[in-house]
Amino acid sequence: MELLIEGMKKAIEMLLSGDPEIFQITWLTLRVSLTAVLISTLVGIPIGILLGLTRFPGRRLLLIIINIGMGLPPVVAGLWITMLLWRSGPLGDFSLLYSPFAIVLAQILVSLPIIIGLTCSAFQQIDEKMLLQIRALGATKLQSVTLLLREAKIAILAAIIAGFGRVIAEVGAAMMVGGNIRGETRILTTSIVMEVSKGNFDVALALSFLLMSLAFIITFLLTNLQQRNKIQ
Amino acid sequence: MNPIIRLENIHYRNKDRMILSVPQLSIEQGEILGIMGPNGAGKSTLLKTLSCLQAPSAGRIFYHHNALPTKNIPLEQRRKWAVVLQQTLIFDTTVFHNVAAGLKIRHVPRKEIKEKVEFWLEKFGIAHLAKKNAHQLSGGEAQRVNLARALILDPEVLYLDEPFSALDFPTKVKLLKDFKSIIKDTDMTTIFVSHDLTEVKFMTDRLAILMNGEIVQIGSTLDVVTNPNAYSAPFMNEMQLPIEE
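So the protein sequences, as listed, match chains P and F. Counting from 1, one number per residue, gives the positions in the first sequence under the UniProt record's numbering. Counting from 1, one number per residue, gives the positions in the second sequence under the UniProt record's numbering.
Bound conformation, chain P alone (with noise of 0.2 Å):
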């Protein structure tokens, strides 16, 4: 209990003394996780749609294969990140690898299949009479696209919710092809473990409650677009 009451005035101390070092780790990680987020939304939005909406051969195979991707190892994607960026690997010539590009990718290939799948699972419900109905207005198919999108704006929101805490709590693919390098790949998750590992709680503690506010102040911003114009 006296490590921990320590450890939070510590962590307060160092938050105030306004370390560069500590605004750079947050910077990084708030960089990486939204580009990560926003490119797994533009993405995954339109293939979850398609999943959604329309029948075809292999569909059922694909959305197994999504649905295991809900539950990727963060390790076994930064393992093919790793596989894919190395020196004689096939993005090899680039040096990719240990830079916050990998890190996005790692990201990406975590948060990808919860947005397809969630926004999949979103449209699927929709009514099929909505469908007709909507076509009976005379819409066209983006017009429809984009008025059922309006009808599932929540489920979609939180299929958005739900990939940005994947990416925001991932540490492990981004220790492995980040390699949590000073002042250039060190997020706040691999920071925490770094900290932990060397014993250091306080530091540990205070880039734990940077963290936390950074998800909060995200999540409640989506969650109040999520919750807006829903009228009592």
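By construction, these hints were calculated from the structure, which means they are not laboratory data. Watch out, some of these pointers could steer you wrong.
As the list claims (entries may be wrong) - Simulated crosslink set (EDC-like; lysine to aspartate or glutamate; CA at most 20 Å straight-line):
#1 F:K71 <-> P:D202
#2 P:K129 <-> F:E162
#3 P:K129 <-> F:E8
#4 P:K9 <-> P:E128
#5 F:K132 <-> F:D92
#6 F:K132 <-> F:D154
#7 F:K71 <-> F:E115
#8 P:K141 <-> F:D168
#9 P:K153 <-> F:E162
#10 F:K177 <-> F:D205
#11 F:K177 <-> F:E214
#12 F:K172 <-> F:E141
To be verified - Pair ranges (Cβ atoms, derived):
#13 P:E128 <-> F:R6: 27 to 35 Å
#14 F:Q86 <-> P:T54: 53 to 61 Å
#15 F:H11 <-> P:I154: 38 to 46 Å
#16 F:A130 <-> P:A169: 42 to 50 Å
#17 F:A67 <-> P:N67: 45 to 53 Å
#18 P:E128 <-> F:R110: 26 to 34 Å
Unchecked claim - Now the stretches of chain F that chain P is said to cover, found in silico as 3 or more residues with beta-carbon under 8 Å:
#19 73-80
#20 99-108
Since the structure is predicted, the reported quantities are computational estimates derived from the model, not experimental observations. Just so you know, even glycine gets a beta-carbon here, dropped at the ideal spot from N, CA and C.
Keeping the supplied structure of chain P fixed, place chain F upon it in accordance with the hints.
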């Protein structure tokens, strides 16, 4: 005779089962045609076929003497019609935006949308609900929104699939009266599927009785109701018999 819609040898099969078989059906400009029949008779299938929401397995549909493609009809054609489906399907937004949905789809200017929506909300007595979320309406209110959303489009043909079925009797009577006066004012061709004889007698000029996917009798509503033929008589009798313990 100037049919606005004509069906020719329309068949709809689901696997090997014949759901609908209509050798010929003409609907006159400005008339209100009722379609009645027991559950599973093919009423909704006929309505969806007429409104080209469902392609028939065979046959042709003419609109103003022009044959329509039965699959993927052009948007300009679809936008001349309005359909109110059996289930009240309203969007998770305000009443105003629900009623405006079809006009927004047609890229009508915002000012015109506002004027039209206000007019139709007033006409259906739901102007006070304009800012309310449509999912929080009562059955009667939601159905008014549904009908206003269709009528605001000023369609050449209005297709209605049991639009009053979920309403309680007093609400239904009030809405039917309002609705009929609106339809008569606009001289809109209306196809009205129902299983309620009172509604049909009140609303329609002509009545078609559908049994097992086939039209077994068609004529003026009064004629069909008072002089049902051998095929439609059992159904009509059932409709009019008082229920006794």
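Structure-based check of each hint:
At roughly 68 Å between alpha-carbon atoms, K71 of chain F and D202 of chain P are farther apart than 20 Å, so this suggested pair is violated. The suggested pairing of K129 of chain P with E162 of chain F holds, with an alpha-carbon distance near 14 Å, which does not exceed 20 Å. Among the hinted pairs, K129 of chain P with E8 of chain F is inconsistent with the structure: their alpha-carbon atoms are about 27 Å apart, more than 20 Å. Between the alpha carbons of K9 of chain P and E128 of chain P the distance comes to roughly 57 Å, so the proposed pair goes past 20 Å and is violated.
Restraint check for K132 of chain F and D92 of chain F: the C-alpha separation of about 10 Å stays at or below 20 Å, so the hint holds. Distance check on the hinted pair: K132 of chain F and D154 of chain F sit about 24 Å apart at the alpha-carbon level, beyond 20 Å; violated. Note on K71 of chain F and E115 of chain F: the hinted pairing is violated, with a Cα-Cα distance of about 35 Å set against a maximum of 20 Å. For the suggested pair K141 of chain P and D168 of chain F, the alpha carbons sit about 36 Å apart, so the restraint of at most 20 Å is broken.
Annotation: proposed proximity of K153 of chain P to E162 of chain F is violated, straight-line Cα distance about 30 Å (limit 20 Å). Of the supplied pair hints, the one linking K177 of chain F and D205 of chain F holds, its CA atoms being roughly 15 Å apart against a limit of 20 Å. At roughly 30 Å between alpha-carbon atoms, K177 of chain F and E214 of chain F are farther apart than 20 Å, so this suggested pair is violated. Simply put, K172 of chain F and E141 of chain F have alpha-carbon atoms about 11 Å apart, close enough for the 20 Å limit, and the pair holds.
In this structure the supplied range 27 to 35 Å holds for E128 of chain P paired with R6 of chain F, their Cβ-Cβ distance being about 29 Å. Range check, Q86 of chain F to T54 of chain P: about 25 Å between beta-carbon atoms, so the 53 to 61 Å window is missed. Taking the beta carbon of each, H11 of chain F and I154 of chain P are about 42 Å apart, inside 38 to 46 Å as hinted. Hint check: A130 of chain F to A169 of chain P, Cβ distance near 44 Å, so the stated range 42 to 50 Å holds.
About 46 Å separates the C-beta atoms of A67 of chain F and N67 of chain P, a value consistent with the hinted range of 45 to 53 Å. The given range of 26 to 34 Å is respected by E128 of chain P and R110 of chain F, whose C-beta atoms sit roughly 31 Å from each other. Chain P is given as covering the region 73-80 of chain F, and this holds because 3 residues of the stretch bring a CB closer than 8 Å to a CB of that chain, at least three being needed. Interface restraint, the region 99-108 of chain F with chain P: holds (4 residues with C-beta to C-beta distance below 8 Å; minimum three).
Of the hints listed earlier, those the structure fails to meet are numbers 1, 3, 4, 6, 7, 8, 9, 11, 14, in rising order.
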